[in-house]
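Respectively, the protein sequence lines represent chains Z and S.
Under the numbering used here, the residue at position 160 of the first sequence is numbered 160, and the numbers go up by one with no gaps.
With positions in the second sequence counted from 1, the corresponding number in the numbering used here is that position plus 1000.
Because the hints were derived from the structure by calculation, they are not lab data.
Treat the hints loosely; a few may be bogus.
[To be verified] Result set (SDA-like, lysine to any residue): computed pairs, CA atoms no more than 25 Å apart in a straight line:
1. S/Lys1233 to Z/His234
2. Z/Lys166 to S/Pro1009
3. Z/Lys310 to Z/Asp376
4. S/Lys1005 to Z/Thr281
5. Z/Lys310 to Z/Ala287
6. Z/Lys231 to Z/Leu142
7. Z/Lys166 to Z/Pro71
8. S/Lys1310 to S/Asp1253
9. S/Lys1302 to S/Lys1331
10. S/Lys1284 to S/Lys1298
11. S/Lys1331 to Z/Leu47
12. Z/Lys5 to S/Gly1167
13. S/Lys1310 to S/Lys1355
14. Z/Lys355 to S/Leu1047
15. Z/Lys41 to S/Gly1167
16. Z/Lys331 to S/Cys1048
17. Z/Lys231 to Z/Lys298
18. Z/Lys331 to S/Asp1253
19. Z/Lys298 to Z/Thr367
20. S/Lys1243 to Z/Ile124
21. S/Lys1233 to Z/Ile97
22. Z/Lys41 to S/Lys1284
[Claimed, not checked] Where chain Z lies over chain S, by a calculated footprint (3+ residues, C-beta under 8 Å):
23. 1024-1038
24. 1132-1139
25. 1146-1158
From the three backbone atoms N, C-alpha and C, an ideal C-beta is built for every residue, glycine too.
2 protein chains.
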Amino acid sequence: MSSPKLLVPEPVIQDRQFTKPLMCGPGPCDLLPSVIEALTKPVISPLCDEYHEVMADIRAGIQYIFQTRSPLVLPISGSGHSGMETIISNLIAPGEILLIPARGIWDDRAYNMATRYGIRTEVIKKAAPWATFTLEDIEPALKEFRPAGLFITHGDSSTGSLQSLKGLGDLCHKYGTLLLVDTVVSLGAEPFLMDEWGVDGVYTSSQKALSGPAGISPTAFSSRAEEKINKRKHEPPFYFDIKLLAQQWNCYDKIRVYHHTLSPPLVWALRRCLQEMINETLPKAWARHAATTAHFHKRVSKIGFQFLIKKPEDRLVTVTTFELPRGYDYKQFVDYMRAKHNIMIMAGLGPTVGKALRVGIMGVNATIEVADRVADAMADTLRALTKSSL
Amino acid sequence: MSSPKLLVPEPVIQDRQFTKPLMCGPGPCDLLPSVIEALTKPVISPLCDEYHEVMADIRAGIQYIFQTRSPLVLPISGSGHSGMETIISNLIAPGEILLIPARGIWDDRAYNMATRYGIRTEVIKKAAPWATFTLEDIEPALKEFRPAGLFITHGDSSTGSLQSLKGLGDLCHKYGTLLLVDTVVSLGAEPFLMDEWGVDGVYTSSQKALSGPAGISPTAFSSRAEEKINKRKHEPPFYFDIKLLAQQWNCYDKIRVYHHTLSPPLVWALRRCLQEMINETLPKAWARHAATTAHFHKRVSKIGFQFLIKKPEDRLVTVTTFELPRGYDYKQFVDYMRAKHNIMIMAGLGPTVGKALRVGIMGVNATIEVADRVADAMADTLRALTKSSL
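Kindly produce the complete structure, drawing on both the sequences and the hints.
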């Protein structure tokens, strides 16, 4: 047959050469081999036998990784930012106050999102932009503003810092405040105990320590958060509405209601990530990350790199921020690591631009072998750039 | 090492037997083999060589499938519903009017979403809930309400009907109204010419005639829509903000700005879907769907099924709605098709509950061979249920 003439002709899409680097930036991480396999599993829909079992598996896995008994757990069909927007838009009403102790770009994002919904925001900062907060730093603001929610980032990939959450839930609840936590780059690598720590709304993403694909983001809500959701007068975006999503994901053993079409490859992949974490167990995954990073830090310290985060207990186990010796260029260092060693690390972001390298040893790459490979490459890069350009 | 005791112990996630059916419901469709392969391609991030080329490929492919020269084209990282919420929340401000000529559940969804943003909605309906609209049906409402936007579903999978869009863009523009179109289940199977028809905002999804995975949804905006976005005072959700997404997707050759982490498997898969459509060409894909469905309709008519949509020109090429002969049960029919023939078709949804079977012959399954297999199975099911239960 003859084809009608189209206004827009066929474009040319060429396959190009592409050498995958070892992904040792702040994320995304490389995929577990079993997760790559899971991506190719068959398309499923609500009429497939296994559909609801797969959803139940995922919810059980999410309860485990967050360490919560709450029934209101489910993954959002989107990136980590969709998880962030879900917890903020569901839990804080327009006109209510969200308190943000801020130390990196994810806190800036939470601020940006909140203002879009007419939520009033109060931000507290410390002198060093990457400094973490003590309970004493936070309590005066809770007392003054009596916010509906406090948003805090557990592991911050832009600064390489870890915020302790111990005692923060109780402190927030004393002032009638819900505790909202970003665990995108910490979950599965740093201990996180939702129920024990009194966290009310939390999200993570699968492309970091879970070694899965981005695009599906586990969330969990406490009974306090659930009560707020059930009593609220405001409506979040349809796509992020936890009330409707709880029906789709069968959180309450009621009738399952179609909300949106899930992505079968991402659903299968997340299920496999959770299975792998369950098989390893959280304590062993935490210990593996701790041991690998301790080894990595020891090696890199000997080469002459300084930690941006001075207190060891404030350093995030997944992403380390290093200062380069005086006279070195961050971008040049990152480019050489990629060109010569095919290892992807990243330069600073937000408050750490021009001030740090960001190196991620997490998930499937949290092994002594990878840590040594990255440390060797960093040593070589330091030598090479000394010789050639300084 | 000894593991600390966890509040939530490891759950058991078992692999179960699962026989994938031939996906011939209204969607999701089966995946193209090349798309399954694309899902396993390496993780990429903005620091990978091919990242921006892949994004450029996808944008060129989206311009082609929508037939638009607009630079403001990009995929949303979410299901088709995220595309719907993106065009509504970006293009219609709170307090403005959205006119919805409604004939299926997607129009109900658009109504639900719009009201969440404080958008005023006006709905027009015809006597038969699945009847399509003429320009004469629509013009009086445009004249009366002078809406900021008109939302209409091109192919409606809940009713199996196809809405003609010819002349609708000009009519809308006469009243200062933007034309917003859902093409989730029509694009790639039914002719769609965005620029020629004057469509201002459109979205589709990859799990229908494109035979890709759900979870990534191409959108496109006309220059009129772009102007509205640039002048608007309201802010949509962060995750759906086209102003920010246009920077991430480099729609204007400006600096690329990180917005959210894309899902590498879905990005690779969408790129492959677009490549496949380009290789086949749109006119050939349209002709293949038309020829296959014509053959399928002929065969199924002979068996004794009636079309729910009486006018042939109103029938959607991808999803056909059939009435069962008197005395048959829709659910029983669907269950038998699955149990005996391992073919998934679906019963009615929304206005067609208890009134129709929904059979989808689209994408990789739009072949005479599949059409014959489904028609044979439908004939057998009709005979079997006659014998056993009527």
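25 Å limit on alpha-carbon distance, applied to hinted pair lysine 166 of chain Z and proline 71 of chain Z: 23 Å, holds
When you check the alpha-carbon spacing of lysine 310 of chain Z and aspartate 376 of chain Z, does it fall within 25 Å? Holds, because 23 Å separates the two Cα atoms, which is no more than 25 Å.
Taken at face value, is the distance from the CA of histidine 234 of chain Z to the CA of lysine 1233 of chain S at most 25 Å? 21 Å, holds
Between the alpha carbons of lysine 1331 of chain S and leucine 47 of chain Z, is the straight-line distance 25 Å or under? Holds: lysine 1331 of chain S and leucine 47 of chain Z sit about 11 Å apart, inside 25 Å.
Assess, step by step, whether the Cα of lysine 1243 of chain S is no farther than 25 Å from the Cα of isoleucine 124 of chain Z, and give holds or violated. 28 Å, violated
Take a quick look at whether lysine 1284 of chain S and lysine 1298 of chain S sit within 25 Å of each other, Cα to Cα. 21 Å, holds
Does lysine 1355 of chain S lie within 25 Å of lysine 1310 of chain S when you go C-alpha to C-alpha? Roughly 14 Å separates the two Cα atoms, so the pair holds.
Taking 25 Å as the top limit, are the C-alpha atoms of lysine 5 of chain Z and glycine 1167 of chain S close enough? Roughly 20 Å separates the two Cα atoms, so the pair holds.
Decide if the proposed pair is consistent with the structure: lysine 1310 of chain S and aspartate 1253 of chain S, CA atoms, cutoff 25 Å inclusive. 49 Å, violated
Lysine 1233 of chain S paired with isoleucine 97 of chain Z [C-alpha distance capped at 25 Å]: 23 Å, holds
For the pair supplied as a hint, lysine 231 of chain Z and leucine 142 of chain Z, confirm whether the alpha-carbon distance does not exceed 25 Å. 23 Å, holds
25 Å limit on alpha-carbon distance, applied to hinted pair lysine 231 of chain Z and lysine 298 of chain Z: Violated, at roughly 51 Å.
Hints 8, 15, 17, 20, 22, 24, 25 from the earlier list are contradicted by this structure; the remaining hints agree with it.
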